[in-house]
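Colleague: Given next are the chains, with one letter for each unit.
Number of protein chains: 2
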Amino acid sequence: MNLPQSERIVVLSGGVGAAKLLEGLMKVVNPADITAIVNVADDTNLHGLHICPDLDTVTYTLAGEIDSQKGWGLKNESWKAMEMLKRYGGIDWFQLGDRDLGTHMYRTHRMLQGASLTTITEEITSRLNVEVTIMPASDDPITTIVTTPDLGEMEFQDYFVRHQHNLKVAEVRFEGVDRALPGPKIIDTILSASAVIVAPSNPIVSIGPILAIPGITEALKTKRESAVAISGIIDGKALKGPADRLLLDLGHEASPVGVARIYSEIVSNFVIDNADDQHAKHIEELGMRCLTTDTVMSDPKKSAKLCSALLSLFFPEVLI
Amino acid sequence: MNLPQSERIVVLSGGVGAAKLLEGLMKVVNPADITAIVNVADDTNLHGLHICPDLDTVTYTLAGEIDSQKGWGLKNESWKAMEMLKRYGGIDWFQLGDRDLGTHMYRTHRMLQGASLTTITEEITSRLNVEVTIMPASDDPITTIVTTPDLGEMEFQDYFVRHQHNLKVAEVRFEGVDRALPGPKIIDTILSASAVIVAPSNPIVSIGPILAIPGITEALKTKRESAVAISGIIDGKALKGPADRLLLDLGHEASPVGVARIYSEIVSNFVIDNADDQHAKHIEELGMRCLTTDTVMSDPKKSAKLCSALLSLFFPEVLI
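Residue numbers (my numbering), protein chains in the order written: chain A, 1 to 320; chain B, 321 to 640.
In isolation and in its complexed conformation, chain A is listed as follows:
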């Protein structure tokens, strides 16, 4: 669909779920009109390399380079570096493909040169011919720390990958977020957006760190009437990842209502899956318009259909 000129869509984004949404969105609006603001709090340093899992998942997906079976990493990947690393007894629980290493090497080199993550992301996406603008939520270091009753504190990738999120969680905090600034164009981009979409990413550890950066929630509040969130919880479960258990562990409901409450200050529209239609009433009671539809993005076509439905909330005059 063609939006009226210079209408821009902003998407708050984690990794896999957001990447699928963006892939669909690219099919219904001009990719150049889309900006993804991506979580950086699960970035990590391994082997001296700076690794940005959410940025890379979004970038690789929109570049058509994602390993679509795994949902992360590059297609046509090989694992020779990892094999050597295993032989040395090195850290082998975080899989880094050979092609993927090229990205981390480039990024790390540029960071050591003093380039910002925003600039580096522009360079990488430009070389991979990604037309969507991808912005890290902040250029400053923010580190998600998960406190587990069983094993104490750990960095996010330790919890998520090493322990495959099979741990109870007592607390999640974003180290450094109080001192972090939004990326240089983030606030302007939000304030000038025609619509804001909160992707069905993990509300606690993917969208949470973006909202915690000083200034971002305040900017989003001014856009509440033009903003929509999609529930990543369907029938009490996350399609992927630990969002349902994290919500419960941290005292939320593991339901669309629980997610809607978290976003109630920044969105006035909320999308739930057909499987959850009994929740529509409760969401409307939170002061939100509720759209019930098929939210399972099992292929790009279904993602595009979901995006068309979302956009019709804000651009009803545009033929879809």
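Hints are computed from structural coordinates only; laboratory data are not their basis.
Computed from a prediction, not measured in an experiment: that's the story for all the values here.
Just so you know, not all the hints are guaranteed correct.
To be verified - DSSO-like mimics (lysine-lysine), calculated; alpha carbons at most 27 angstroms apart, straight line:
| # | chain 1 | residue 1 | chain 2 | residue 2 |
| --- | --- | --- | --- | --- |
| 1 | B | 557 | B | 488 |
| 2 | A | 75 | B | 406 |
| 3 | B | 395 | B | 406 |
| 4 | A | 240 | A | 27 |
| 5 | A | 168 | A | 237 |
| 6 | B | 395 | A | 75 |
| 7 | B | 395 | A | 86 |
| 8 | B | 557 | A | 70 |
| 9 | A | 70 | A | 237 |
| 10 | B | 347 | B | 560 |
| 11 | B | 390 | A | 86 |
| 12 | B | 622 | B | 557 |
| 13 | B | 560 | B | 621 |
| 14 | A | 240 | A | 75 |
| 15 | B | 347 | B | 601 |
Given chain A, work out where chain B should sit, using these hints.
Modeller: Just chain B, lined up with the frame of chain A:
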């Protein structure tokens, strides 16, 4: 050949030439009786990774893992990370194979944990079943800086790889060497050695930095009578690399005599190639015994033969 019990051979080592010598030496004495003291001044940091070209060339060669056609890097190598790096416009003049990256990732991770290069080298060589003891000359950072009249100062790999050593050189210095300590077992190993072999490596930039580490030359001087060097210069030329031009640029003779003069304080035996037999007299005039033989190590068999000849200087009683 079997040396008398607990006779230990120490080899001062750069990269490719030394690796070939060590490969031959392993064939004539028990590998467990050999210690290689390896140059670290051309180590470099690229893409956040700590890279030790000489240590790795020696390790890979003795592990039977070297790409023997190239003389450096691992066999069965692939280059997918480099291909991605090129796509991003990253540094592509220093080739890093995918398997090789596993080594640099492991080393960098261990260094960030605070492990010394000596410990890490023990770990790597042990995992690769290398029986020769390989020791970095120092655990402290030493950086070879090459001053060129045309392009000013640059790090060694810039000169050697990026500019393919096609530059005049005005000065070579080893930044940090004054504050560097020899590796923890280096001095004891030298002092207890039965024989010291200076490999036919580049005397300026491979052996030079080892000799410049405070304490090492002093220890070697006590071993002068049990020490031998092999000329890396044959008929005025280095078989590989810029040693001949470096010698000339820095005011030395590009001949076995020029090399012998550099080592005259630490060795009393010097090996020259048959092609240079006219120089034998001049070398003896420097107070050295001169052995003339075939020094071109075109295969491990020829390396072994050269090593047998060397060792017969110190162990004439042993049948070779």
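Colleague: Now tell me if each hint is right for this structure.
Modeller: Each hint tested on the structure:
Between residue 557 (chain B) and residue 488 (chain B), the direct Cα distance comes to roughly 16 angstroms. Compliance with the 27 angstroms bound is thereby established for this hinted pair. In summary, the hint linking residue 75 (chain A) to residue 406 (chain B) is supported, as the alpha carbons are separated by about 17 angstroms, within the 27 angstroms threshold. Restraint check: the Cα-Cα separation between residue 395 (chain B) and residue 406 (chain B) comes to about 22 angstroms, which is no more than 27 angstroms; the hinted pair holds. The straight-line distance between the Cα atoms of residue 240 (chain A) and residue 27 (chain A) is roughly 23 angstroms, inside the 27 angstroms bound, and the hint therefore holds.
Distance restraint check for residue 168 (chain A) and residue 237 (chain A): the Cα-Cα separation of roughly 16 angstroms lies within the 27 angstroms cut-off, and the hinted pair is therefore satisfied. Distance check on the hinted pair: residue 395 (chain B) and residue 75 (chain A) sit about 24 angstroms apart at the alpha-carbon level, within 27 angstroms; holds. A C-alpha spacing of about 17 angstroms is found between residue 395 (chain B) and residue 86 (chain A), which places the hinted pair at or below 27 angstroms, so the restraint holds. Simply put, residue 557 (chain B) and residue 70 (chain A) have alpha-carbon atoms about 55 angstroms apart, too far for the 27 angstroms limit, and the pair is violated.
Using a Cα cut-off of 27 angstroms, the hinted pair residue 70 (chain A) and residue 237 (chain A) holds, with the two alpha carbons roughly 20 angstroms apart. Between residue 347 (chain B) and residue 560 (chain B) the CA atoms are separated by roughly 23 angstroms; this keeps the pair inside 27 angstroms, and the hint holds. Between residue 390 (chain B) and residue 86 (chain A) the CA atoms are separated by roughly 25 angstroms; this keeps the pair inside 27 angstroms, and the hint holds. This hinted pair checks out: residue 622 (chain B) and residue 557 (chain B) have alpha carbons roughly 20 angstroms apart, not beyond 27 angstroms.
Restraint check for residue 560 (chain B) and residue 621 (chain B): satisfied, since their Cα atoms lie roughly 19 angstroms apart, inside the 27 angstroms limit. A threshold of 27 angstroms between alpha carbons decides the hint, and for residue 240 (chain A) with residue 75 (chain A) the separation of about 20 angstroms falls inside it, so the pair holds. The straight-line distance between the Cα atoms of residue 347 (chain B) and residue 601 (chain B) is roughly 31 angstroms, outside the 27 angstroms bound, and the hint therefore fails.
Against the hints set out earlier in the document, violations occur for numbers 8, 15.
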